[in-house]
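Peer 1: Chain by chain, the residues run as shown.
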Amino acid sequence: MTPAPAVLPLLERIDLPSAAQPIWDRIAARGPVAPMIKVLANHPALLEAYWQLGVEVNDEPGIPTTTVHLLGLRTCQLDQSEYGWTQRLKKAHADGVDPAKIAALDDWSHSTAFDDDERVLLAFTDHLAARAPLAASLRAELGERFAPRQIVGVAMLVLYYVMNHKYVDVMKIRPVHQ
Amino acid sequence: MTLLPPLDRGDLTAEHQAVWDEIASYGPVAPKLKIIAHHPDVLREYWRLGVVLNEQVGLDAPTMNLLVMRTSFLDRNAYCWRQRVPKALAVGLSRAKIDSLANWEISDLFSPSERAMLAYADAVVGGGEVDDAVVDEMKRYFPSSTLLAITILVLYYNLSHRLVDVLDVDPAAGNGDEPLPWEAL
Numbered sequence: 618m619t620p621a622p623a624v625l626p627l628l629e630r631i632d633l634p635s636a637a638q639p640i641w642d643r644i645a646a647r648g649p650v651a652p653m654i655k656v657l658a659n660h661p662a663l664l665e666a667y668w669q670l671g672v673e674v675n676d677e678p679g680i681p682t683t684t685v686h687l688l689g690l691r692t693c694q695l696d697q698s699e700y701g702w703t704q705r706l707k708k709a710h711a712d713g714v715d716p717a718k719i720a721a722l723d724d725w726s727h728s729t730a731f732d733d734d735e736r737v738l739l740a741f742t743d744h745l746a747a748r749a750p751l752a753a754s755l756r757a758e759l760g761e762r763f764a765p766r767q768i769v770g771v772a773m774l775v776l777y778y779v780m781n782h783k784y785v786d787v788m789k790i791r792p793v794h795q
Numbered sequence: 038m039t040l041l042p043p044l045d046r047g048d049l050t051a052e053h054q055a056v057w058d059e060i061a062s063y064g065p066v067a068p069k070l071k072i073i074a075h076h077p078d079v080l081r082e083y084w085r086l087g088v089v090l091n092e093q094v095g096l097d098a099p100t101m102n103l104l105v106m107r108t109s110f111l112d113r114n115a116y117c118w119r120q121r122v123p124k125a126l127a128v129g130l131s132r133a134k135i136d137s138l139a140n141w142e143i144s145d146l147f148s149p150s151e152r153a154m155l156a157y158a159d160a161v162v163g164g165g166e167v168d169d170a171v172v173d174e175m176k177r178y179f180p181s182s183t184l185l186a187i188t189i190l191v192l193y194y195n196l197s198h199r200l201v202d203v204l205d206v207d208p209a210a211g212n213g214d215e216p217l218p219w220e221a222l
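So the protein sequences, as listed, match chains W and E.
The numbering used here applies: residue 618 is where the first sequence begins, and numbers increase by one.
The numbering used here applies: residue 38 is where the second sequence begins, and numbers increase by one.
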């Protein structure tokens, strides 16, 4: 059965007003323009602001890139986001995330593959995605291991991913399989 | 007690004080923003996305506030509800509509386009794909750019509510006397 089309059209660079095409070019300079970006292009000002927040949370959370990918993939599991998983997995492999960690991610709390920092951040991710209150012990561990800037960075990173997944679901945007 | 201590302008570098000043030019800096200020670069981009959404969503100010308040209601977020009520009243959203928002489906105060928008917001917050009939109703009243911006606006506030929860921002901050409609349900 053919999946339903996206709620809004996927635009290309040529569809944008000339004043907005530099935004597209900045995005394209970082890699292939993803389907969710092509839908966001229906509102160029929004595209720019949404993407810019994504750049900031992805590039500057204050934790290793490989950990960013683990948290991103974990959020995809929790949100059951096939789109997010497909997009993220390619980047995770390219950036050298240990395949054993990816394989262990759905049962991370019982796995020995992760170090203590990763375990605290994965627990934080699970709480954020589930909108569950933080246990006192987790609050304490976050405070002991991470600076306030990192805690804000990781919180916004995970919540940005949650927002992405919901947006992709609502807009019926499908992953590109390669 | 909040997860992290709130900061003030004097805690930031000169470069980041410009971000603070940009925010303060819109009014008092909200308690949640003082905590996000621990990462001022994220604060800047989070704030700017909010500005684009608030100013370019394609709705008039009362309707935009109606949408934000419905999202706060669905998320049961006391902090955001109480922050928003005075702003909504100030831009002309009626008290009667605010009081009817909890049960908008059975109220005759809302126009067809408002009803389409509220049904859509309910579906977006509910998660997953939205029924075609709900989307089709939105498309009757709103152009593509507005439909998209409404979607992101709802999700942005959903993100904000989760952030306020995890940061443990005082739910009474700003306007603690304002009643919470979900407590009467």
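One or more hints might be untrue.
[Unchecked claim] In silico lysine to aspartate or glutamate, DMTMM-like type, Cα no more than 25 Å apart, as pairs:
# : chain 1 : residue 1 : chain 2 : residue 2
1 : E       : LYS176    : W       : ASP786
2 : W       : LYS789    : E       : ASP168
3 : W       : LYS789    : E       : ASP207
4 : W       : LYS789    : E       : ASP205
5 : W       : LYS789    : E       : GLU174
6 : E       : LYS176    : W       : GLU758
7 : E       : LYS176    : E       : ASP97
8 : W       : LYS708    : E       : ASP78
[Stated by the list, open to error] Which chain E residues stay away from chain W? Per the calculated CB distances, all over 10 Å, these:
#  : residue
9  : VAL89
10 : THR100
11 : SER137
No lab work stands behind these hints: they were computed from the structure.
All C-beta atoms in this analysis are idealised placements derived from N, C-alpha and C, irrespective of residue type, glycine included.
Peer 1: Hints numbered earlier in the text: which of these fail when held up against the supplied structure?
Peer 2: 3, 4, 6 and 9
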